[in-house]
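A.B. asks: Chains as they are written, first to last, in numbering that gives the first Met the number 0: chain A, 0 to 429; chain B, 0 to 429.
Some hints here could point you the wrong way.
Any copy, or any two copies together, can satisfy a pair, since identical chains are not distinguished.
Below, in silico cross-link-like pairs of lysine-lysine (DSSO-like), each with a Cα-Cα straight-line distance of 30 Å or less [stated by the list, open to error]:
#, residue 1, residue 2
1, Lys282, Lys312
2, Lys113, Lys317
3, Lys65, Lys369
4, Lys357, Lys112
5, Lys282, Lys317
6, Lys369, Lys112
7, Lys426, Lys112
8, Lys113, Lys410
9, Lys410, Lys312
In short, the hints are calculated from the structure, not lab data.
Being a predicted model, the structure only gives us computed values, none of them experimental.
There are 2 protein chains.
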Amino acid sequence: MSSSAKSRTRGTARSSRSAAPRAARPRLVVGAERFTGNAIVGQSGGPTVVINQSLVGVVLEARRHKEIGKVFGARHGVAGILKDDLLDLSRESAAQLEAVALTPAAALGSVRKKPTRDECLAMFATFRKRKVRFLFYIGGNDSAETANILLECAREQQHPLRVFHVPKTIDNDLRVTDHCPGYGSAAKFVAQAFQGDDQDNRSLKGIKVNVIMGRHAGFLTAAAVLGRRLKDDGPHLVYVPEVVFDEQRFVADVLAVNERLGRCLIAVSEGVHGADGVTIAEKIAARAERDAHGNVQLSGSGALGDHLAGLIKAALPKGRVRADTFGYLQRSFAGCVSATDAREARLVGQAAVRYALKHDSGTVVLQRAKGRAYQCTAALTELSNVAKFTKTMERAWINAAGNDITPAFVKYAAPLAGELPRMTRLKGLR
Amino acid sequence: MSSSAKSRTRGTARSSRSAAPRAARPRLVVGAERFTGNAIVGQSGGPTVVINQSLVGVVLEARRHKEIGKVFGARHGVAGILKDDLLDLSRESAAQLEAVALTPAAALGSVRKKPTRDECLAMFATFRKRKVRFLFYIGGNDSAETANILLECAREQQHPLRVFHVPKTIDNDLRVTDHCPGYGSAAKFVAQAFQGDDQDNRSLKGIKVNVIMGRHAGFLTAAAVLGRRLKDDGPHLVYVPEVVFDEQRFVADVLAVNERLGRCLIAVSEGVHGADGVTIAEKIAARAERDAHGNVQLSGSGALGDHLAGLIKAALPKGRVRADTFGYLQRSFAGCVSATDAREARLVGQAAVRYALKHDSGTVVLQRAKGRAYQCTAALTELSNVAKFTKTMERAWINAAGNDITPAFVKYAAPLAGELPRMTRLKGLR
Numbered sequence: 000m001s002s003s004a005k006s007r008t009r010g011t012a013r014s015s016r017s018a019a020p021r022a023a024r025p026r027l028v029v030g031a032e033r034f035t036g037n038a039i040v041g042q043s044g045g046p047t048v049v050i051n052q053s054l055v056g057v058v059l060e061a062r063r064h065k066e067i068g069k070v071f072g073a074r075h076g077v078a079g080i081l082k083d084d085l086l087d088l089s090r091e092s093a094a095q096l097e098a099v100a101l102t103p104a105a106a107l108g109s110v111r112k113k114p115t116r117d118e119c120l121a122m123f124a125t126f127r128k129r130k131v132r133f134l135f136y137i138g139g140n141d142s143a144e145t146a147n148i149l150l151e152c153a154r155e156q157q158h159p160l161r162v163f164h165v166p167k168t169i170d171n172d173l174r175v176t177d178h179c180p181g182y183g184s185a186a187k188f189v190a191q192a193f194q195g196d197d198q199d200n201r202s203l204k205g206i207k208v209n210v211i212m213g214r215h216a217g218f219l220t221a222a223a224v225l226g227r228r229l230k231d232d233g234p235h236l237v238y239v240p241e242v243v244f245d246e247q248r249f250v251a252d253v254l255a256v257n258e259r260l261g262r263c264l265i266a267v268s269e270g271v272h273g274a275d276g277v278t279i280a281e282k283i284a285a286r287a288e289r290d291a292h293g294n295v296q297l298s299g300s301g302a303l304g305d306h307l308a309g310l311i312k313a314a315l316p317k318g319r320v321r322a323d324t325f326g327y328l329q330r331s332f333a334g335c336v337s338a339t340d341a342r343e344a345r346l347v348g349q350a351a352v353r354y355a356l357k358h359d360s361g362t363v364v365l366q367r368a369k370g371r372a373y374q375c376t377a378a379l380t381e382l383s384n385v386a387k388f389t390k391t392m393e394r395a396w397i398n399a400a401g402n403d404i405t406p407a408f409v410k411y412a413a414p415l416a417g418e419l420p421r422m423t424r425l426k427g428l429r
Numbered sequence: 000m001s002s003s004a005k006s007r008t009r010g011t012a013r014s015s016r017s018a019a020p021r022a023a024r025p026r027l028v029v030g031a032e033r034f035t036g037n038a039i040v041g042q043s044g045g046p047t048v049v050i051n052q053s054l055v056g057v058v059l060e061a062r063r064h065k066e067i068g069k070v071f072g073a074r075h076g077v078a079g080i081l082k083d084d085l086l087d088l089s090r091e092s093a094a095q096l097e098a099v100a101l102t103p104a105a106a107l108g109s110v111r112k113k114p115t116r117d118e119c120l121a122m123f124a125t126f127r128k129r130k131v132r133f134l135f136y137i138g139g140n141d142s143a144e145t146a147n148i149l150l151e152c153a154r155e156q157q158h159p160l161r162v163f164h165v166p167k168t169i170d171n172d173l174r175v176t177d178h179c180p181g182y183g184s185a186a187k188f189v190a191q192a193f194q195g196d197d198q199d200n201r202s203l204k205g206i207k208v209n210v211i212m213g214r215h216a217g218f219l220t221a222a223a224v225l226g227r228r229l230k231d232d233g234p235h236l237v238y239v240p241e242v243v244f245d246e247q248r249f250v251a252d253v254l255a256v257n258e259r260l261g262r263c264l265i266a267v268s269e270g271v272h273g274a275d276g277v278t279i280a281e282k283i284a285a286r287a288e289r290d291a292h293g294n295v296q297l298s299g300s301g302a303l304g305d306h307l308a309g310l311i312k313a314a315l316p317k318g319r320v321r322a323d324t325f326g327y328l329q330r331s332f333a334g335c336v337s338a339t340d341a342r343e344a345r346l347v348g349q350a351a352v353r354y355a356l357k358h359d360s361g362t363v364v365l366q367r368a369k370g371r372a373y374q375c376t377a378a379l380t381e382l383s384n385v386a387k388f389t390k391t392m393e394r395a396w397i398n399a400a401g402n403d404i405t406p407a408f409v410k411y412a413a414p415l416a417g418e419l420p421r422m423t424r425l426k427g428l429r
């Protein structure tokens, strides 16, 4: 473990996977005057199926500590704080909250908004009116940035506000933390989708392209391989944004697999891009706008998959080629939840409250214990270590050819997705 | 119950939902010479997540009867029979078969093929060589037609072949039967997808179009409503192929819901079509071919959703509009299985074997018992009652405006999809 990693986080000792720009330790407030007040919790960014676990973790943990009075829920994150559109979560029973925890997406409503300085100042009117001295903000790196802006504003205004970011994102692209709550369940969805689609593709043969969410990082696309067991199980090719995407190379890869197996199942990230860094999806959208007649429109979500299927069809005119774009089901499908993910999403919410009793601010992160059995504990790092930045996959998790995922990634991600259904073939076919 | 319905089916007494063209009763062979021989079982058409339950139902039931010797599995349906590409399923242990039953898609491989007369004659070479006198063919209405062609050919050739069609289709569009194995699990998938997506749409607002499989019948699209509980739960609009689709009317419907709720979740069948009967998807594909430059291609699976999203964006330029096409996940997603569906898929396979001991041919159908508690039993009808024809939704299951589904449909379909996750809102939001 590097000393720089050590200095970045508090809690159980373990190095994080990626470097952070600053090594500042979260400000510890010990022996200060007793800090009490009400709390606001908000949800922000693209929802996940376990983001309500974090919400409920915050609320139920806050109730256990006398330092925290009421817990208000902000409707649609900072938008609700701005408008004083708050729910009194003290009126929710534990049973009701537990049921909400099992419901996908943001029960408080979410938002995609980076507040301006004026809006930040306006939010302090709500904090004063509601006697709020604790803010818990659940979201990804944009939400961490929002929390950080509010923290800096509070310091400048000398408003006694403790600000904690609670991580969530199906993209799994937050720094410092081993992984992000929300990712495990989305990975489970993608893995199960590929398990079934591989059987489907085996049944009727052909070439199938599936487009997976994740603009900048390939973690979710890579989860497509988690259900592979036998040698010719799909996906047979995986393309992540960490590797430059070449259309000719892609088609050649597909034809080679199809030649060998008589079929090919492919996972492609929506964020694949050429050497210029512009995503293929953006290029298609731009071209479609130029070409548009009447209602023809290519910038919707199915365009990349259809485009890639078109490339293959052009090279293999008689082939059966299909494309699916998994879309929003990856982050919202009801009933596909990783038990580990649900538990950890709850944990980071609870931990944020416990840290808030002694610390000024920070982002809760997960640290994986060394050893064979998977175990993660919560730790704390500076907001500025997580805000804005994006973590991508390690190069060692992608094969040398840049078109598949290595066993090292499976070792990392399998415990996060949890148990998968078992696919079995007839003995005569093994 | 009408007498015509009675004369069409054997087994427990119950009328089927749609009229059949012929009322011929399956030929009963009683007191004839003892009929013994080997069996072939094949899978055909688009797979489902429970089609292997039917396969295993056939195999395990066949083992219980001394009249049936070996059970061969045809690789890729009639294609395997033609090429004598068969697996000896006697070599599969019961434990292995039970594990295969839990695996999505066709374990034997599937096929989309209507055999010619010459091919049928060629298949009798395999039947003779393998001493096959029982054929079980699992599939939809095209597969029933294939089975019927083989039956007629056998009679003409005076080859002693008993031919049984075992129903499956996620489209639920077979006649006579109350519903089709495979539909319940696909309906469960669609319902759960909408449950989660409704929460997601509630979180971040906006307009969301989801395109569902089913070219000619709206059963699967209608399943989108099965998870609705509270008044403003989505989907708010549902479009099935049974009603003529008007793009202007569609946009007006969406704008009205969006005006009222600030959001709108929409289920659209891939088979929606104008008054001329041509599907919107086909029209887009035709236009795209005319307009194509370079690799631009619109005939892939995401095109209809993107087109509809484009119509809404044109009318609401500042709106957040998204489209997803659920695609093949609907018929293959691993781990989303209706327990009722799995049980019934097994049942129709078992029943086909039992009928084959006393009857010449037929299609196994499911009949729903009257009374409050859901219960279905197997019955038998003529192949020609099911082959080729398509059943569509009852008009009473679609609202008068043609843009939503009625409670009568929910009563019909809810027991088929089985238990769904429970979505809960914060008390302050109810």
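A.B. asks: Quick check: which numbered hints come out false for this structure?
C.D. replies: 3, 6, 8, 9
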